[in-house]
Amino acid sequence: MFHLLEAQQFTKRNLRELFDLSSRLETILARGGDECLKGKILTSLYFTPSLRTRFSFEAAMLRLGGSILSTEAADIFSSELKGRFEDTIQVVSEMSDVIVLRHYESGFAKRAAAVSCVPIINAGDGPAQHPTQALLDLYTIDRHLGGVDGCSIAMVGDLSGRTVRSLCYFLAKFHGISISFISPDLTEIKDDIKEYLQRHKVRFTEITNPKDGLVDLVKEVDVVHITQLSKEYFTDHLEDYKKTIRNYALSAKALRAMKRSAVIMHPLPRADELPDESDSDPRAIYFRQNRYGLYVRMAILCTVLSCYPKFL
Amino acid sequence: MFHLLEAQQFTKRNLRELFDLSSRLETILARGGDECLKGKILTSLYFTPSLRTRFSFEAAMLRLGGSILSTEAADIFSSELKGRFEDTIQVVSEMSDVIVLRHYESGFAKRAAAVSCVPIINAGDGPAQHPTQALLDLYTIDRHLGGVDGCSIAMVGDLSGRTVRSLCYFLAKFHGISISFISPDLTEIKDDIKEYLQRHKVRFTEITNPKDGLVDLVKEVDVVHITQLSKEYFTDHLEDYKKTIRNYALSAKALRAMKRSAVIMHPLPRADELPDESDSDPRAIYFRQNRYGLYVRMAILCTVLSCYPKFL
Amino acid sequence: MFHLLEAQQFTKRNLRELFDLSSRLETILARGGDECLKGKILTSLYFTPSLRTRFSFEAAMLRLGGSILSTEAADIFSSELKGRFEDTIQVVSEMSDVIVLRHYESGFAKRAAAVSCVPIINAGDGPAQHPTQALLDLYTIDRHLGGVDGCSIAMVGDLSGRTVRSLCYFLAKFHGISISFISPDLTEIKDDIKEYLQRHKVRFTEITNPKDGLVDLVKEVDVVHITQLSKEYFTDHLEDYKKTIRNYALSAKALRAMKRSAVIMHPLPRADELPDESDSDPRAIYFRQNRYGLYVRMAILCTVLSCYPKFL
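Residue numbers (numbering that gives the first Met the number 0), protein chains in the order written: chain A, 0 to 311; chain B, 0 to 311; chain C, 0 to 311.
Hints are not guaranteed to be accurate.
Any copy will do: because identical chains look the same in the list, a pair fits if it lies in one copy or spans two.
[To be verified] The calculated lysine-lysine pairs, modelled on BS3-like cross-linking and capped at a C-alpha distance of 25 angstroms, are:
#1 309 x 210
#2 81 x 230
#3 39 x 309
#4 189 x 210
#5 37 x 309
#6 242 x 81
#7 81 x 241
#8 11 x 193
#9 230 x 210
#10 241 x 210
#11 230 x 189
#12 193 x 241
#13 252 x 242
#14 193 x 37
These are computed hints drawn from the structure, not numbers from a lab.
In isolation and in its complexed conformation, chain A is listed as follows (with noise of 0.2 angstroms):
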């Protein structure tokens, strides 16, 4: 049986597999969707919640006729979790045809996937890991720019975050990759990502101080890939906040100076990383990527899960 646990699991052959059955799968959901997952049940154990990536996956099943088990936040709602937790998984999965699971605690997925009798989906697993928005993001990479090699990536705010560390992972397995990340240090890339890449020889340099609205870190870059900075991190100086939140916003001078062939990813939803004018720029595909999503998430149930579609 096959578990989605990590980017690093992944071929490039396997993420060739998957995106060639995404866009195949766009266009049967623009012809009605399909009843291929008919009678499975993809249960959502999110043991803190989501809403994006929860609804993601549920309308992925629903779009090919799978039925959904859904609880919204188990860590509040069920006295029963206060036994093993593989005991919970194993009775869980008994119910279920897939899981997926989203946990506070890293390498939660993985002592998921030891017990559970199906598929289990990491839809997150505390800071570790979040490999599944990282395949869209990558997707969206692939389907924009015509493939992965040879790209320039400028990863802008929270880069502590599980969904770039899962990204890093899967850029190490193209050729001619170049990042650059920029973010404050309180959420800066972790030492084991960069010593991961330089592993697997990607060139990366990081920048702590930018300046100028970011007009000269993005403006060789193919893809400015940016993400919310949460005031989290700054509960202690709120006004540094203010101050920090404009370096690491793009400027519309930024937005201007880019090339015309990159594009602007954003996990969405937005606080005040992008200048008003970027809505109207045709670089700007967050939406897009966002319902991608959805054709990922699709195509990794059905392969989870071995059910394709008949017309493929």
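Following the hints, put chains B and C in place on chain A, whose structure we already have.
For chains B and C alone, coordinates are given in the frame of chain A:
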């Protein structure tokens, strides 16, 4: 595309069509429902919780063959909602065919409609409006009194709420309406509604100190529309609450005094607004009123999605 | 109409029919399920949360083609619930074909049944009863020991809980049962259950100070039915907890001493009641017991809705 945002957007003709469809859907439901919404996804997006309204819309969707994504309390559960509300709506709308939205602030249904790529149905936006609840009230009146024109209505209890507001906007579309607003000062009808009614030539009176169990106030009306007086309004004066509640409850004597053709409506569940005798009184139609909600909401879903049962 | 409210309502013949149906549904599920509940809506109405029971009933409904309305914690989420409980039940029953109700107070399942227009299934009402969990325990015993009559059972751990209560009511219907209740004073079996067992001539003993890892207490029994001792009972004496828990856990030595034909049951998830060796022991049937819950709940739904798979 058609959003359902506020009572004012309806014409009398829209209402007629919706009510005709509602009553035909009742027949269809009695015959086992329909699958005209098969493959469609309704997303329940509740920023404040609701059991009755959420279940009513979701049941309407299921009875017509559709599917559901649901959050019971988006504001508790979604760290992602720290960003722009509009981004979240746009993201969710990409996964849905229709969004039923409840929000704690006025005007958020309109803000959602401005960016959503699917119909938005306002299931309550702060203190502003709750048009679908008022629609089922209006449908109940229309059905049981053979039309709304010429109707005399006593509205009793909490008149500051959004359903009463929406209902007043609806009533202003009809001829010969007269309303008596009976409530404590704390929950009286708001000035903007009174101005709207004056502008539309609806006769109304206000009573803030009713006596004698409402006998004189209800004996001539066609409709008693009564609601709970929330304890929350009396937090500092809980003794006041008990005294007040008694004045705004329908007494057994008032029940006996009411016209034979009159009806008693209540959104349910009740606290102590109605006498024990009312449940066995044929004029008490609150349970049927609630059931009508299902038909009206089925009709709303068919209308905004432009999907109708075949044998209509 | 048939509500499932408490263990006492069943006859031995009812149980036989339910268990026969459960085992046939297992076969049907293995062949891909059935659609006999298509078009039916199960409403999960949980006033206190539950993951295992809620998912088990919802999965049973989905596997038979039905649909679901669900609330994880009605008391948190429903401002509407400030009114009469009976009104809420009646309102929800109008939208549903069956309601599975969990409530924090004894007797609320009966109160619901008195007004609901669809079957009520009691999924736990306060400390009173949890008949469906006890039904799956009984089915497990019936299946693995070839019948319940003559069975010798050690019940270990928290015996004040509602499942143990329901199970005792069920066991009193059979012949030659003997029970040993093994628990600390804090969680001992309640007097009313003891009186019920005496009245029905069920032999039982009580042990509140077990020694030597339960060896002597379990070596002759057919069933070890063991549950978590909640830390909540020991809030003021957390050191006590650790000492106590050890006395009410099955030791590896006791496991070795048990009869070859015996079975070990546990509602899952476990804390520290069972030795590490038990998972690989063929007598440990708790995961199967949990799976049987799905079949038993499918059978319950078919029975209360009078809808059966065609090729039964």
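Violating hint indices (sorted, rising): When the structure is compared with the hints, numbers 1, 12 and 14 turn out to be violated.
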